[in-house]
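K.L.:
The primary structure of each chain is shown beneath.
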Amino acid sequence: MAVKTFTTGEVLTAADTNTYLNNGGLVYITSQTVGSAVSSVTVSNCFSSTYDNYRIIYSGGAGSAAVADLAFQLSSITTGYYGGAFGVVWNTSGFGGKGISNAASFLYAGSSDTGAALMSLDVFSPNKALRKHFRTDSYYSNTNEMFGIAEGTNGSTTQATGFTITPSTGTLTGGTVRVYGYRQA
Amino acid sequence: MKPNIQIDDEVREMTDDEYAALLETGWTPGEEDTPE
Chain L
1 MAVKTFTTGE VLTAADTNTY LNNGGLVYIT SQTVGSAVSS VTVSNCFSST YDNYRIIYSG
61 GAGSAAVADL AFQLSSITTG YYGGAFGVVW NTSGFGGKGI SNAASFLYAG SSDTGAALMS
121 LDVFSPNKAL RKHFRTDSYY SNTNEMFGIA EGTNGSTTQA TGFTITPSTG TLTGGTVRVY
181 GYRQA
Chain Z
1 MKPNIQIDDE VREMTDDEYA ALLETGWTPG EEDTPE
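Keeping their order, the protein sequence lines are chains L and Z.
When we follow my numbering, the leftmost residue of the first sequence carries the number 1, and every step to the right adds one.
When we follow my numbering, the leftmost residue of the second sequence carries the number 1, and every step to the right adds one.
It should be emphasised that the hints constitute simulated quantities derived from the structure, not laboratory data.
Take these hints with a grain of salt, some might be off.
[Stated by the list, open to error] With a cut-off of at most 20 Å between alpha-carbon atoms, the simulated SDA-like pairs for lysine to any residue come out as follows:
hint, chain 1, residue 1, chain 2, residue 2
1, Z, 2, L, 174
2, Z, 2, Z, 15
3, Z, 2, L, 42
4, L, 98, Z, 26
5, L, 128, L, 159
6, L, 98, Z, 25
7, Z, 2, L, 164
8, L, 98, L, 115
9, Z, 2, L, 36
10, L, 98, L, 120
11, Z, 2, L, 169
12, Z, 2, Z, 24
13, Z, 2, L, 35
14, Z, 2, L, 173
15, L, 128, L, 155
16, Z, 2, L, 37
17, L, 4, L, 19
18, L, 128, L, 160
19, Z, 2, Z, 17
[Claimed, not checked] Stretch by stretch, here's where chain Z covers chain L in the computed footprint (C-beta under 8 Å, at least three residues):
hint, segment
20, 36 to 47
21, 163 to 172
Quick caveat: nothing in here was measured; it's all calculated off a predicted structure.
We treat Cβ as the ideally placed atom computed from N, Cα and C, and that holds for glycine.
For reference, chain L alone in the conformation it holds in the complex:
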């Protein structure tokens, strides 16, 4: 969907307004309210061939456990996740890290504790017959006392259509998962 440059005096039609007003860099696709005490949340049918890459944000909720990592799994891809989380250890200012090796999910997509749950995740090529890539810019680990980022990959060429978020411990309550597509033209 291309950008249109309006000229001085040009008539702004309803059709153009409806088309280009929504034509931002991140295009809203869907959202899912998270229920009470759920051990996982699945959002179906949110990835398609319309977009190559997506951003997924989960906020506003909380976990039942004092600390939990949020794992992200693409639909129909249950193995072969690699990557790692790395960041600064807040009480020493040193560096910390955790690896992901042939796991069932991208294990460090986000984090939760009893105060909040947060995931801000980019997913590359989930619905393409290509290697997938993941990048989160909002990872923290109360256990490791670490703030940082996490990246991962999966070599599957399966074309995923949805995903599941699962805390490593306990459950999630409340908040909203929102899915956006990166506009391509």
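We have chain L; now place chain Z onto it with these hints.
P.N.:
Frame of chain L; chain Z shown alone:
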């Protein structure tokens, strides 16, 4: 007691098979401790 599972708008208690699969991932029920 098995936890709930959410698929899109549906929230329900997990089946025994779903719970077994969840436990195989290393998931634990956790405790409601106060974070640091």
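K.L.:
Now look at each hint and say whether the structure bears it out.
P.N.:
Against the structure, the hints:
1. Z:2 - L:174: holds, 19 Å
2. Z:2 - Z:15: holds, 8 Å
3. Z:2 - L:42: Judged against 20 Å, a Cα distance of about 17 Å means the pair holds.
4. L:98 - Z:26: holds, 16 Å
5. L:128 - L:159: Answer holds: residue 128 of chain L to residue 159 of chain L is near 5 Å, not above 20 Å.
6. L:98 - Z:25: holds, 17 Å
7. Z:2 - L:164: holds, 18 Å
8. L:98 - L:115: violated, 23 Å
9. Z:2 - L:36: holds, 13 Å
10. L:98 - L:120: holds, 18 Å
11. Z:2 - L:169: holds, 14 Å
12. Z:2 - Z:24: holds, 14 Å
13. Z:2 - L:35: Given that 20 Å is the threshold and the Cα spacing comes to 15 Å, the pair holds.
14. Z:2 - L:173: Roughly 16 Å separates the two Cα atoms, so the pair holds.
15. L:128 - L:155: Distance ~11 Å between residue 128 of chain L and residue 155 of chain L Cα, so the pair holds.
16. Z:2 - L:37: Holds: residue 2 of chain Z and residue 37 of chain L sit about 11 Å apart, inside 20 Å.
17. L:4 - L:19: holds, 10 Å
18. L:128 - L:160: Given pair residue 128 of chain L, residue 160 of chain L holds - Cα atoms ~8 Å apart, limit 20 Å.
19. Z:2 - Z:17: holds, 11 Å
20. 36 to 47: Our answer is that it holds, as 9 residues pass the Cβ test (under 8 Å) against chain Z, meeting three.
21. 163 to 172: holds (count 6)
The structure shown violates just one earlier hint, number 8.
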